[in-house]
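Trainee: These are the residues of each chain, in order.
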Amino acid sequence: DPKIIQKPKYLVAVTGSEKILICEQYLGHNAMYWYRQSAKKPLEFMFSYSYQKLMDNQTASSRFQPQSSKKNHLDLQITALKPDDSATYFCASSQDRDNYAEQFFGPGTRLTVL
Amino acid sequence: GDSVTQTEGLVTLTEGLPVMLNCTYQSTYSPFLFWYVQHLNEAPKLLLKSFTDNKRPEHQGFHATLHKSSSSFHLQKSSAQLSDSALYYCALSHNAGAKLTFGGGTRLTVRP
Chain A
1 DPKIIQKPKY LVAVTGSEKI LICEQYLGHN AMYWYRQSAK KPLEFMFSYS
51 YQKLMDNQTA SSRFQPQSSK KNHLDLQITA LKPDDSATYF CASSQDRDNY
101 AEQFFGPGTR LTVL
Chain B
1 GDSVTQTEGL VTLTEGLPVM LNCTYQSTYS PFLFWYVQHL NEAPKLLLKS
51 FTDNKRPEHQ GFHATLHKSS SSFHLQKSSA QLSDSALYYC ALSHNAGAKL
101 TFGGGTRLTV RP
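Chains A and B, in that order, are what the protein sequence lines are. Residue 75 in this note's numbering sits at position 75 of the first sequence, and the numbers go up by one each step. Residue 32 in this note's numbering sits at position 32 of the second sequence, and the numbers go up by one each step.
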């Protein structure tokens, strides 16, 4: 069974619209993260959460808003979508927000903005 | 700020030859270094990470040595296999936070 679930696997959106990317982890981890991978910037850190609290935000745009309704959930809401937002978005988790802890990545959501 | 540099974007090898993928880094702190591997259409997975006691990490025939003097953490394997074909990322994290800073990645292709 997959331990980190990301939904949907593929997503096509039109410019200006809003989408939510879903992430659930069943590893019992306390820290969760979002990363983005695109042709221009290969793996780029976006956010980190620990016990449902935002710990680090490296995304300049407020159009990207993480949402944690449960300890094992970390969704990503993206508003006013732009073609440059096209990328694969990976959710990851680790036991704790520890600089030495292994981060496990989900399968990703590939977003295409037309 | 932190940065990780992987000088080779593409490496093509013949099966059985040694592999060496370069990784150098810059960090204000004393970082931990990682190698992640990403096979086609899959998620990145941890391959190995530096030890706190400077032991050399090894996994699946790969090893890497952290050289603080040269800020390097090159990935090596004595004999490449076809199944090693993948995208390899070097990354670092440090005490100021658990976020991973990745290098640009090296795509390794192993040919028969």
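Keep in mind that the hints were calculated from the coordinates and are not lab data. No experiment lies behind these values; they were computed from the predicted model shown. We put the CB at the ideal spot given by N, CA and C, even for glycine. Some clues are possibly wrong.
Stated by the list, open to error - Computed footprint of chain A on chain B, listed as stretches where at least three residues anywhere in the stretch have a Cβ under 8 Å from a Cβ of chain A:
1) 68 to 76
2) 80 to 94
Claimed, not checked - So, partial list: chain A residues that the calculated Cβ filter (under 8 Å) puts toward chain B:
3) Glu18
4) Gln52
5) Gln95
Stated by the list, open to error - Distance windows between CB atoms, simulated:
6) A:Lys40 with B:Asn41: 13 to 21 Å
7) A:Ala60 with B:Asn41: 47 to 55 Å
8) A:Pro8 with B:Arg56: 39 to 47 Å
9) B:Ser83 with A:Ser69: 33 to 41 Å
10) B:Asn41 with A:Met55: 37 to 45 Å
11) B:Gln26 with A:Ala39: 40 to 48 Å
12) B:Pro18 with A:Tyr100: 23 to 31 Å
13) A:Lys7 with B:Ser83: 23 to 31 Å
14) B:Thr12 with A:Ala39: 29 to 37 Å
15) B:Thr7 with A:Ala60: 25 to 33 Å
Trainee: Work down the list of hints and note, for each, if the structure agrees.
Mentor: Status of the hints after comparison with the structure:
| no. | hint | in the structure |
| --- | --- | --- |
| 1 | 68 to 76 | violated (count 0) |
| 2 | 80 to 94 | holds (count 4) |
| 3 | Glu18 | violated, 25 Å |
| 4 | Gln52 | violated, 15 Å |
| 5 | Gln95 | violated, 10 Å |
| 6 | A:Lys40 with B:Asn41: 13 to 21 Å | holds, 19 Å |
| 7 | A:Ala60 with B:Asn41: 47 to 55 Å | violated, 29 Å |
| 8 | A:Pro8 with B:Arg56: 39 to 47 Å | holds, 41 Å |
| 9 | B:Ser83 with A:Ser69: 33 to 41 Å | holds, 40 Å |
| 10 | B:Asn41 with A:Met55: 37 to 45 Å | violated, 30 Å |
| 11 | B:Gln26 with A:Ala39: 40 to 48 Å | violated, 24 Å |
| 12 | B:Pro18 with A:Tyr100: 23 to 31 Å | holds, 29 Å |
| 13 | A:Lys7 with B:Ser83: 23 to 31 Å | holds, 29 Å |
| 14 | B:Thr12 with A:Ala39: 29 to 37 Å | violated, 20 Å |
| 15 | B:Thr7 with A:Ala60: 25 to 33 Å | holds, 28 Å |
The structure fails hints 1, 3, 4, 5, 7, 10, 11 and 14 (numbered hints given earlier, in ascending order).
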